[in-house]
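Protein chains in written order, with the UniProt record's numbering: chain A, 1 to 296; chain B, 1 to 538.
These are computed hints drawn from the structure, not numbers from a lab.
Heads up, none of these hints are tricks.
Partial pick of chain A residues on the chain B-facing surface, computed with a CB cut under 8 angstroms:
| hint | residue |
| --- | --- |
| 1 | Thr-60 |
| 2 | Met-80 |
| 3 | Ser-239 |
| 4 | Thr-257 |
Here chain A is said to cover these stretches of chain B; the calculated rule only asks that three of the stretch's residues, wherever they fall, bring their Cβ under 8 angstroms from a Cβ of chain A:
| hint | stretch |
| --- | --- |
| 5 | 226-235 |
| 6 | 245-257 |
| 7 | 385-393 |
| 8 | 406-413 |
Only a predicted model underlies this, so the values are computations on that prediction, with no experimental measurement involved.
The beta-carbon is built from N, C-alpha and C at its ideal position, and this holds for glycine as well.
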Amino acid sequence: MRSARILDKGIKSRTIRKRRREEKDTNRRLQTILFLVAAIVILTAVTVAGVMTEGYAAETDFSRRNLAPDLQHPFGTDWMGRDMLARTLAGLSLSIRIGVLTAAVSAAVALLLGTASVVFGRKADAVISWCIDLVMGIPHILLVMLISLACGRGFAGVVAGVSLSHWPSLARVIRGELIQLRQAPYILAAEKMGVSKLQNIRRHMLPHLLPQFLTGLILLFPHAILHESSVTFLGFGLSSEQPAIGVILSESMQYLTTGKWWLALFPGAALVIVVILFAMLGERVRRLLDPSSVHE
Amino acid sequence: MRKRWISLLLAAAVTVTALAGCAGDTAEDQSAVQQRIENSSVVIAMDPNSEPEAGFDPAYGWGAGEHVHEPLIQSTLTVTNTDLTIGYDLATDYTVSEDGLTWTVTIRDDVKFTDGEPLTAEDVAFTYNTVKESSSVNDFTMLDYAESSDDTTVVFHMTRPFSIWPYTMAIVGIVPENAYDSATYGSNPIGSGRYILKQWDRGQQVILEANPDYYGDAPEMEQVTILFMEEDAAFLAVQAGEVDLAYTSATYSDQEVEGYSLASYASVDNRGFNLPAVEETTDSEGRTVGNDFTADVLVRRAINIGIDRQEMIDNVLNGYGSPAYSVCDQLPWYNEASEVSYNPEGAAALLDEAGWTVGDDGIREKDGVKAELNLLYSTGDSVRQALAADFADQLGVLGISCTLEGVGWDTAYDRALSDPLIWGWGAHTPMELYNIYHTIEGTDSAEYSPYSNSTVDEYMDQALACGDLEESYRLWQQAQWDGTDGVTQDGDIPWVWLVNIDHLYWVRDGLTVAEQKIHPHGHGWSIVNNVDQWSWKG
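For reference, chain B alone in the conformation it holds in the complex (with noise of 0.2 angstroms):
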């Protein structure tokens, strides 16, 4: 008995000394918060799949890849704008020769690695040759070998002529030749960038500090800290007042946080399903090929009309996302014609015209064939679930009758031949639309749907082969709709686009954050592109 009041006594003395801890930790929190206010300080979460994972080393994917964003540490010789457009950062010029083939950048001559050492042409030649030869993230297959003719000037030689060039001359940070070393750069990072690595904690945080040398504008954040949480770490790490921003899904959106408010940011983040547009049949490596439902025009023009994407953003997003009618929507290569309304009526008609008419149970038929869709998501992506099941559910109206089917990745790209699969898409370069809509050379077919059509092919080898930038966008755009062909509803609709994602945040009330670009698909490190001109207000 005595026993037992004394294993009381002790649990209440601990309980209470907790509770006093709490207390204490909430004043700390306090105290911490106006700390980091004062130094200029800013503690952020983000998804553990955002931590790079060879570190950030540009030629192992830092800063490029399918979450593209500017890498902070080093310097790039472009940057993208705002709207997406070129601008400059080591750059001070640049200029192709007529036939595509020679780029010609100067450079400027006044940056600094953080070691002290002068940053030349020689170290962007030697940047790019070694990413040409590592990067397993990138394409460099288009540059044969860069060298630098003199200080400030870097001449790049292409195999082909690649016009959006630019575009990736933005996401690769320049490395010092002299002080390179591949086995520990990743985890020591020398670069010219607004910001140094400080402390990298493999699968904990991530400290930046401002780079007191920076040849730019001084970064008003003077120490930028990263956390990698899991989402709902994230929420419980903002509703305990520990970070000052945090990624988020819609998920939690309806929530409330006191201290804190929702921030949400357009993207390019899109979801979209491929409609295989040609029949059956069985390839070389005896992998199902081709849709005979989806081989009809007509019918993936009505699923392209039939859906009401913004039902989808309500139902799925709560209402943070825009509508997608391409893989590029607004950013300066997208062509408006992609747009298309809501039009049930439209589409049944277009099912009709297709010979799919209606039967007794409400599912079309032609020719004694059901109208039957196997939808593919992959497993465990609650958001692309959900748009999988909403979009069964409209086909199901059209009198299509879906069946969804998880699927991991290492499968999925081989499915998708023959099925339709959600997929993800969204990058600050119109290669995006080179990847899925062209032909791949020596077969019949693009990448990851069966489709091919000569004219479009032709709009993007010119739009690559083309001088000027300006210029090319046009053509990427005729690539889309030229009045007579394309990939849009009128055209062939080979891939049916429903939703861009909004990147949603937690911000601590206080904290100012600058304009943002559309987000790319990563929902990770573009948040931080400008973290240099954040602001603490008061």
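Isolated chain A (complex conformation) (with noise of 0.2 angstroms):
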């Protein structure tokens, strides 16, 4: 009777605990999603309102140079009279859509290396990990700095440098994955069971990779974006007058020694937030997909 009475009250604890767990769970699970939600409203919210003010931004009006910031222009203006806060916005604005436009072209050149390394064999592979090895031992600014320039500057030639330059990680990471599911029982099954190379790649790989993959893909972000802004404030990008986070902190140094602090401020602020957001969103989604940490 008693000892019944205890195991009862054990069963129930336990059941009990477990409901308190799922209930923990499922509040995880939604506030990542919540984030997830609200992290990508407030980055489309930036990229739009930059495109939108991209005139503006440039508009100069010598009759309101160098204002602190109040409530007309909450981040002040600068010396030829532009807003910083259109200014901040076109900048950031730029710099996601370069980030994008990285991430897509890094997305396909890794998928198409790391296939092409399962799917053409030894040799090939070979060829194309001397290949990644080769770009990632180069330092990145300065890959970033030689394909901008080689690609003839200006706008073209930042997009192009960032662009070509950050796909080696992901390749490596996608390589990797595909060469170790080869040897899976299941994949071999379908080998055997006479499933070819690509559609095993396509219907049995490729499902498997994504987690992996969407993560790896956002956490290029922010990368590209403080690449894009280091190289523009090394003057190897954009001429002056584009609205660039990089041009902006790099015109901002001239005015620091007179006491003009919110040039800088702000718009690194800005950039440091975005780039916080784009990594903390890589690492949320990555728990959410990730089998081994989506019941944490």
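Both chains are given apart, each in its own frame, so use the hints to dock them into the complex.
Structure representation (structure tokens):
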């Protein structure tokens, strides 16, 4: 009797604990999803707002030069009377769009190379790994500069430089995963049953890859954005009338010693926030998709 | 826990010592300044670009080029006076032959180089022959060769008449023939000028010391230290009281620093746009040349009088500038007919007359074509960018829609053949008029912007061929406007000039800077042209 009660109690408490954990789970999941939605909304809003304010951001009005932040110009104005909020938005938007392009290019290249190294066997794989190592061996910022100089500097140069230099890390992850998967029993079984290599990859391997692929993709954004802004900061990229965060920051350096703090602070902080948002986004997506952490 | 306390204590100790160090620094600074005043020495902050890359060798651009200034370490044959006429340094007299092909210059016989050797006409001839051979900065094609006829007479044989040769003689420092080695001279110069190069730490500083054997008035400043600093570093050095004079720009002009005042010197450091004066075509190299909109002289005239230059100066230069109407404002060869007054109604009328009428959106049109200009500026130059932006705003009011584009100097020269580019000029020689407006031999256009006028060319050719300097000034002026033809408002106006930028400096109270000639384009060594005459008060 007694022991049964104890047992009963034990079962009860265990179910309660389990339920609690489930509750917490759903909360975590829900929270993560809410966060994802919020982050995506914010980033999209910044991108769209930036595109829309591009004209206004370039507008000069010498009657409102060097104004400290106030209600009308929350980020202040610069030495030509341009609104810093509009310039910051336009700059971030440009960075994010370059990030999107970079992600797309890198994803395509990574998938292609990864697939090729599985489909075409050892020798192709050796060549591809060699390529990846080669590109990764060159200091990243240097590579960006080299490509953008080779592509004629300016806007096209920066876009080419940033988007063509970020694929190796993703390609390496994809290649590694695919090679590991090739030996998985279910793949071997499928192969024995006569499924062609390409079909095997498409039907059995890619769905398995998706979590790593998506996470890797999103985590490319912060890199791309920071590289774009550092290249423009160093003066290798866009010319000074174009709204880019790097241009804004390098201009503001001239004015720091005269106490115009708002020229660097707000755009710099905004850049950091966007980068952090992307990094957190990638982290959360990974947790949500990765089977080993999805039930945490 | 204990560790944390120890580290906190250590941090505090470090801070205290650092602060104490700072306090000591200020006191040290004070006494350092006192020391400098007693020893008549001065510390100057200059732009890092002013540091002569190839050293202090006249054959490699020292004193010459875009940033003309007196070479200080070497003597020159002539000098430019404060009103930019010609005076003598080493020379005692010069004459030119009838045909303008032979210049004979007599020089002083009491001058010694700092290694003790006397300076003779042979050294002068050697210098000019060397410079002609190796100078990549200046044009010496008009000189055939130089020779000495005796110890104090040097003869220049020219390839073509060149009346403004005295202005070239004002920038070529004389080097000793016996001690000149082109490999080492740049860092170990021997001259006969007011100063001796004492020390040169590349990328940091140059220390000059007064030449005790100088043949002229002994320099008042015994030692001149020049530090090369970026603009913001120079400003911080002023705030810290480390320098006595520092270059600065309009960006900093609204600041106040205790113990310093802001000095502003007039310049011909002008900024202006070229307006391509021919219709758009493609040349043999595949470049686009000409601009359909600015090809119309009425449009160019409208732009010239439709610009409020004073507003530009107030907006962009914080008031530190003067309106520019030519490439050579206030110099002896300047023609005052270049000056125009701001007249927006007149500009609108000219555009109407040219057929450019205001459309529904406020932008002028002609035969369905919009009045549009793409203005170029050198990217990274914030003053030029702001001037271009203000120019674009003002043209917008006139109904001309403008876009801005920053370009690097690698492409700017080619791009400027079809789009207006904002340029900076201003030299102490009339040759600049020639470089900008004269048709290049064998082509049908001037060098930097498509334009050609045979009347203007002829006046400049005459000016160069003319035997008398005074007379040549008049011809240079006529090249600008002779009453019917020229490059001014009533003429072809192929360039529109906007502003002359005043050169600004922070000057420590008590330092008297001697009267400056109108500064040329470079915001560098010009300020120390007469550093030997500077003095400390009290």
